[in-house]
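Asker: So the chains spell out like this:
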Amino acid sequence: MVTQKKSGKKDPVLVVVQLSGGNDFLNTVIPFTNGIYYDVRNYVGHKEGESLPFTDDLAFHPNAEPFREIYKEGKMAIIQGIGYENSSRSHFRAMDIWHTCEPNAVATEGWLAKVIRELDPNSSNPLTAVSFGKGLPRALAAPGVIATSVDNLDNYGLMTSIEDNTKRMANLDVFSRMYTPADEWMGGRHESGVVMNYLANTGSGVLQGADMLKDVPSRYKSSIEYADNSIAKALRDVVRVHTADLGTRVFYTQHGGYDHHAQEMPAHDRLMGELSQGIKDFMADLEEHDASEEIVILVFSEFGRRMKDNGSGTDHGSGGGAFIIGNRVNGGLYSEYPSIDPSEWLNGEDLKHTFDYRGVYGTLLEQHLGLDPTEIVLGNFEQLTPFK
Amino acid sequence: MATDKALIAHLYRRAGFGTTPKLLEELSSKDYDDIVDDLVDIDKINDLPDEDILSRYYPQLHSTDNFGMDNTKWFYRMINSKKPLQEKMTLFWHHVFATGWTKSEQGPTMIDHIAMLRNNCLLNLRILLRDLAADPAMIFWLDNCENHGKNINENFGRELLELFSMGIGNYTEDDIKHASRAFTGWTFEQPIPLYPYGHFKSQFIFDQDDHDDGEKEFLGNKGNFNGEDIIEIIVKTDACAKFISRHLYNFFVADEPQIPAWSIEPPKDQEAMDILVKTFLDSDADMKEVMRTMFKSEFFKNSMFKRVKCPAEFIASTLKLTSEIGPKDSRLSGLHGLSTVMGQTLLDPPTVEGWHTGKEWIDGGSLTERINYAVDLISDMENVGSKFLVDSLIMSDTELSSEQLVNGVLENAGHLEVSDQTFEQLLDIASKGPSVGNNNDNEDVRSKVIQLYTLLVSSPEFQLA
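Taken in sequence, the protein lines are chains L and E.
Be aware that the first sequence starts at 1, since it is given in the working numbering, and climbs by one per residue.
Be aware that the second sequence starts at 1001, since it is given in the working numbering, and climbs by one per residue.
It is worth saying that the hints were derived from the structure and are not from the lab.
A portion of the hints provided could be inaccurate.
Derived pair list, reagent style EDC-like, types lysine to aspartate or glutamate, alpha-carbon separation capped at 20 Å [unchecked claim]:
| # | chain 1 | residue 1 | chain 2 | residue 2 |
| --- | --- | --- | --- | --- |
| 1 | E | Lys1359 | L | Glu375 |
| 2 | L | Lys167 | E | Glu1443 |
| 3 | E | Lys1288 | E | Glu1298 |
Hey, can you work out the whole structure from these sequences and the hints?
Answerer: Below, the structure is given as structure tokens:
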């Protein structure tokens, strides 16, 4: 069932942009007036005059001019020094911690999956959450929760290699009957009904989601020309699905390649350009579709990187930064930038986080989506006030 | 005595990575117990499946930090090895002793880790556990390199007992401390630094100076134990026999709740557990004997389709059925990424607890990937295996009834069984359009047979093994 708004205010929507690999926050929001920055970032740093100042002592990465523009428009909240105690340096473990809100144990429920459960307790809409890219992120996975993972929106669904559309439709028709949950699964020595019905529900969800999404590409028109890269493509897909009004409340996108142990400068330069321009175009596109007011973007990464570069790149560190972006946002700096004074480095080599990531989730859940965050982030954490 | 092909297909789904109609034909004249023995006694088979060609065709295999390529090689082995149980057991132990590339400063040691599992997979458990404790990837993964004579790190000692051999509730916190002390000094040599030449393997060393040689008390035994003594005590316990048996049952026989639930949930089939435990104890932890007993037992034979295929099984068995994969096949290099989007990155399990198995393998995204992958393979008549599946029905001597046609499709695809619900859907398709068999060959007939296979590999039952 599609949630159609009858009138008035539109439902709030959250768009998550995950920077995978551990973004180098120190080179994203640069303390450009601090001599220590230039000392520790001898090789992997940006010279004064190249970075883009936006306050008296902070500058954006040289390729992130679109970020500076968004900041100046007052639509970007920068959360400086986000993290948690005993930050994990393992990508997977760290991502898991961000995705499940559980730093000290292995959890099975993603935080956004719990959001879906709150928003759509009967799993009536498989598109309540849509992720773009390969595979479903852990954040959206939990037993009994259906989320849709779209790799290619223009060719999404089952049996997409079958070119003859009549044949494909005939097959999908049979598919829907094979995947109908049943009281009893007679015949064959297969697994129990619980497993069969789980498979049936999942298959039906995929089919229903694909059916709802099939007209989306043809319904979208825009004057915005996005660049040709993965994050721009994913953000464009968010607008395409959002403006189709299918009841999606959570979108998930990923921008990969931030694990810069070596050759960081050219690689990070490219990513910063892609990311900031992609978000800028995304916001303009929303504006064009009169869809800016209900959307808030969270940009995060699983960890920051080591203070000192290794001559070519930077190794895994802690204490990164996050961004909350949108028309609703009261732009500015939030929480403190971690001290870059060597005497205050965590373990003698890292930025120490100044704000717990679960408080940022809580802020978005309570103040944007209107949900009680306690059960979702597993506790009560200090929140920010980044909204108008 | 000849053996029912359906039973052989079942055995090969579990003890290997599936089968082909041709292989089933070859094996069906043999006695079932002999087929099991041939699978288990891997030392009697000489087999190096063209891996020299593979490594020449994929120079990336010589790269020092690209584990996707090593997964390519592993998939090649799963599909082509003459010792399928060796690859399956390696995967089994990789599930149990989940160690990953993510935390391995010297990546190539992960490749050695898998090779160690492969070499030891069907030997005595005490040998496997000893080599596991002396494995540099494991040592780094669970910080045993930080486990010093004067200052113990319990990470490895704890997981050895909790996740690798006995399970929670069978030892005390003191046992963990004493076991950890026994493994002090089990570390690796300082490897060649990463910069500027890249990743190098590290080698195990026993550092006598860093080893605590004092008296320990472990599970009621006292002595100046070293790590090997601890393992010797472990493998003689009932707890170890039960623990390994339950893991084997869950991986090879039927999906069960996973290890965190074991202290609460009783085993699905206590009788089966008793048989496995007894064999383990009687053979003094000889894995070959345990596997032999398991595959020959009635509970195993009666366990058809009681498991959800893991992505590696799904990928390898579907390829094996539909294609012949030589060492130069370019599709090999895509399998690592494919298994990742299906939720299983080999050589990089999510945590030391391994993967969540059973129905947790399935979500909307992974189900879509699985179905689309299988449909692509089976509907492409360039694939020799897929073409054979279609041809063999068309070339039937007689015209097939609708039921014969559906049963033929199920048999060819590995003697699969489906629910009445699915069978009726297939029957409905089979009853429409041109008749199949009697060498009646044209575009419409082929299209209909391909459609039946396409629907079968899209069915919920095809997710099961």
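Asker: Hint by hint, where does the structure go against what was stated? Just the numbers, ascending.
Answerer: Structure breaks hint 1 only.
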